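Top line first, the protein sequences correspond to chains A and B.
Residue 331 in numbering that gives the first Met the number 0 sits at position 332 of the first sequence, and the numbers go up by one each step.
Residue 124 in numbering that gives the first Met the number 0 sits at position 125 of the second sequence, and the numbers go up by one each step.
Since the hints were derived computationally from the structure, they do not count as laboratory data.
Treat the hints loosely; a few may be bogus.
Stated by the list, open to error - Which residues of chain B face chain A? A partial, calculated answer using Cβ under 7 Å:
no., residue
1, L21
2, A28
3, V34
4, A38
5, F42
6, Q60
7, S65
8, L73
9, I86
10, T126
11, Y148
12, P153
13, P164
As the list claims (entries may be wrong) - A few chain B positions that, by computed beta-carbon distances, are all more than 10 Å from chain A:
no., residue
14, T16
15, E17
16, E31
17, R46
18, A47
19, D52
20, T59
21, T78
22, D80
23, R156
Claimed, not checked - Label pairs and their calculated CB-CB ranges:
no., chain 1, residue 1, chain 2, residue 2, range
24, B, D52, A, T353, 33 to 43 Å
25, B, Q151, A, G381, 51 to 61 Å
26, B, T27, A, S436, 45 to 55 Å
27, B, P153, A, A36, 30 to 40 Å
28, A, D7, B, Q151, 16 to 26 Å
29, B, T27, A, G22, 52 to 62 Å
30, A, R146, B, R74, 24 to 34 Å
31, B, P153, A, G28, 29 to 39 Å
32, A, A258, B, P153, 43 to 53 Å
33, A, S24, B, P71, 51 to 61 Å
34, A, E38, B, R74, 24 to 34 Å
35, B, P153, A, R15, 16 to 26 Å
A quick note: this is a predicted structure, and the numbers were derived from the prediction, not measured.
Every residue, glycine too, gets a C-beta built ideally from N, C-alpha and C.
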Amino acid sequence: MTSTMPFDLTDAAIERMLAERAGPSAPGGLVSGIMAAVEATPQRRRSWIPRVLAPQPRSTGGRALLIAAAVTIALLAVAAGIIVGALLRPPTQRLDPNPAVVPTPAVTAAPSATPKPTDSHAPIATITPSPSDSSIVNGAMVVYQFRDTVVDLYLLDPITGRKIMIGNLQKTSESQGQHIQWATDRKRAFVFASSDSVQAILDIEQGTVELLGLGSSGGRDAVSPAGDLVARVEEDTDGSSLSIIDLDGNEVRRTPLPAGLQAFSEVAWAPDGSSVLVSGCLPCSETAGQQHDHVFAVPTDGGAIREVANWTTGSFGWLGWSPDMTTIVFSGLGCSEPCTGGIGTIRVRDGLVTGLTNAADRSPAWSHDGRRIAFARDSGTGRGIYVMDADGGNLARLTSAVTDGGDRSPLWSPDGAWVVFSRVAPDGGLGDLYVVSSTGGEPRLIEQNAVADW
Amino acid sequence: MEPMAATVAGPAVASQTEVVRLAARGDTAAFEQLVAAQADRAFRITRAILGNDADARDATQDAFLSAWRELPRLRDPETFDAWLRRILVNACRTQLRGRRRVHEISLDVTLDRRDPGPTVSDHVGDTDLLARAFERLDADKRSLLVLHYLDQDPVARIAETLGIPVGTAKWRLSEARAALHRALAAEGEARR
């Protein structure tokens with residue numbers, strides 16, 4: 000790639016280019032135009048709902064109030080949904096975003112319309128589809144999809160196209176940071192929209208969506224495998240710490256991280272819930288070779304922090320435990336050009352770091368049996384989704400990215416036969432979900448503007 | 000951003016925090032003070048991210064309108080600057096997503112494809128090439144680079160603006176710069 004660089008990319012060149020793009024000053028009339036619009040726009044006043052969303056310990060009474068409020072909203076929303084839906088459109092209209100792609104979708108019960116919520120984050124419908132169809136539930140993806148003014152939350156079998164709607168959230172922004180994650184029992188799933196401080200639980204058996212009031216960490220929350228705790232890195236004047244909170248927003252444990260560590264916000268729960276991995280740099284430097292990266296395992300029972308690995312020749316980015324907890328896979332995020340990041344593994348018992356690839360690779364994902372790793376390559380003509388054995392062998396390319404945004408975030412099907420990934424446009428967004436056989440073939444579009452877990 | 004109080008003339012200068020409090024209570028004159036003090040900088044940020052006057056004007060107006068609507072919910076008036084810039088960045092994201100739908104008929108695309116011409120100096124040509132590489136980046140990467148290289152924000156302030164830990168801001172900025180490097184290489188290939 001470096002052979003085609005037209006000139007050196009310096010800070011001064013970037014500053015000059017951006018100064019030219021920015022122009023000299025704002026055009027005349029901007030302030031008066033803004034104020035004319037302001038005069039015609041009412042302010043939004045505080046209501047009880049933002050307090051529900053605030054990260055505060057909830058007393059029994061407060062919880063009762065919250066439940067009562069949520070039930071009221073749900074009843075109003077369902078009632079409004081039934082009425083509006085009956086008047087405006089049939090229920091099936093909302094459930095078939097890609098009729099040309101999904102073969103014979105089996106539509107199930109769903110919220111029938113989009114009633115006006117009382118607050119931007121309020122759940123606007125709770126439905127009980129009674130997902131007794133175990134053939135969907137057992138092997139389904141759980142999907143978070145932007146649609147017009149709402150976020151749809153549903154189960155999807157991407158192979159057959161069958162889906163079960165679980166509920167909706169009011170859409171608040173187009174920003175990134177949304178993710179959805181199964182609990183290990185696959186009876187619940189969790190939604191996090193970090194940029195909007197929205198967290199919610201999907202109860203698959205009950206067919207409900209419940210908002211959580213965990214506040215914002217600014218980074219990415221990670222839910223425990225059992226689905227009862229959330230881990231996040233927080234920073235204050237005393238430094239970084241790992242905070243474990245329950246689903247009522249109560250802090251269960253706060254563990255200070257080593258002094259001076261600049262922790263990355265991505266954390267990873269051990270599959271048995273016994274510890275959480277945190278990575279960061281100490282010392283940190285933008286000069287290659289002068290930064291020292293570390294991975295720490297923070298026990299969730301209050302035990303002593305243990306350093307799992309450290310190195311000075313690369314940067315630990317995203318971390319993921321193998322299902323048997325013997326190995327940690329990581330992507331070398333944050334490396335500067337020429338980027339030699341790549342995917343690597345850490346042997347847990349002795350911290351041995353092994354590089355598996357040597358390119359701008361990201362988003363490594365273990366197959367459910369722990370034998371294979373899928374990842375996304377984001378460099379040059381090699382951009383696309385790849386799979387390989389856990390030791391780096393049998394590397395195979397599954398896709399070629401056709402957009403500047405690239406192919407990202409691969410996920411394995413439970414049986415390892417399929418890989419789902421996001422194809423992202425240059426201007427970002429959630430991306431479109433595609434499925435491809437893990438042995439190769441033509442990728443097939445399954446959903447637009449969505450993220451998923453499988 | 001510099002404290003706004005330093006730019007407000009007059010014998011009885013209210014601190015920005017006090018002006019924000021007044022605006023949060025519905026005082027449009029106070030809000031106009033905030034807009035007047037911040038509009039120029041806000042426009043330059045959105046102009047740099049979006050690349051044209053029309054979109055930048057829309058995004059800036061949308062951002063201030065959103066700020067006006069949501070101001071009563073801002074818990075700490077002292078965080079107004081970082082809060083407003085976060086709204087600006089979100090407004091730019093929305094603009095870019097809207098542009099995706101009309102990309103085929105965008106006049107900018109037509110103009111971008113014209114040859115720069117033999118009279119363009121190497122310096123301008125490099126800047127133009129870099130600008131086109133910048134156009135390949137998504138909204139988040141553009142925003143990080145603009146905040147850091149145009150607004151001269153240190154990483155800690157970017158972290159505050161985006162509401163993320165410093166370490167995360169640092170590697171996201173590094174990623175954005177690396178992405179620009181790759182985009183520049185791609186533009187170089189396209190020019191050959």
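> Which of the numbered hints are not met once you compare them with the structure shown?
Replying inline: 1, 2, 7, 8, 9, 12, 16, 17, 18, 19, 20, 24, 25, 26, 29, 32 and 33
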